[in-house]
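Using the sequences and the hints, build the whole thing.
For the sequence shown, the positions run 37 to 196 when our numbering is used.
Wrong hints could be hidden among the right ones.
[As the list claims (entries may be wrong)] Computed spacing ranges between beta-carbons, pair by pair:
(1) L42 - D128: 54 to 60 Å
(2) D128 - Y175: 16 to 22 Å
(3) E166 - K186: 24 to 30 Å
(4) K169 - G93: 30 to 36 Å
(5) N76 - W159: 19 to 25 Å
(6) P174 - D194: 51 to 57 Å
(7) Q118 - V187: 36 to 42 Å
Derived from the structure by calculation, the hints contain no laboratory data.
Every residue, glycine too, gets a C-beta built ideally from N, C-alpha and C.
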Amino acid sequence: MIKNFLKIIFFISIFSLFRGEIFADCEAVEVPLQTKVITNSVNNIREGACKTAKLQGKTRIGVTYDIVAEAGEYYKVMIDGQARYIFKEGVDLVNENKELGQANAETPKTSEVSFEDEIGKYWLSLYNGERVKLGLKPYTYDNRLQNSAKVWAKISSDRG
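Rendered as structure tokens:
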């Protein structure tokens, strides 16, 4: 009887010690900010600043939000009078010096055009021709994705 009681006390004490680490994902310190963000991808809108928080919807690309605070990997924004959280990687900060139209401006083209870029653009034009025939919206060429693919290809080739 006493052994069972001691086991229960032991497990309760272990649980209370690790409780902070288990639930720390959703307890982010908020740092007040006064700026705007514009979404560059479709993001989940969450109730809390963690991946396990309840979803409240999704953002659309190009929508501007006022940031209330920064909480870990998320920005706290006001949506319809409610405090919600959006993942930082899916938004671009808007500087006060820039207009909102310039926030998503592409990087200037360089004179260096690779053969792979030209092939990618050619296949994209063929693919978009078929999408238009089907009544779908054509895709746009995103140079950031191409650069990301090159980085991963280099990492893969370095590993062997």
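Going down the list of hints, with the structure as the test:
no. : hint                    : verdict
1   : L42 - D128: 54 to 60 Å  : 56 Å, holds
2   : D128 - Y175: 16 to 22 Å : 20 Å, holds
3   : E166 - K186: 24 to 30 Å : 26 Å, holds
4   : K169 - G93: 30 to 36 Å  : 33 Å, holds
5   : N76 - W159: 19 to 25 Å  : 24 Å, holds
6   : P174 - D194: 51 to 57 Å : 35 Å, violated
7   : Q118 - V187: 36 to 42 Å : 38 Å, holds
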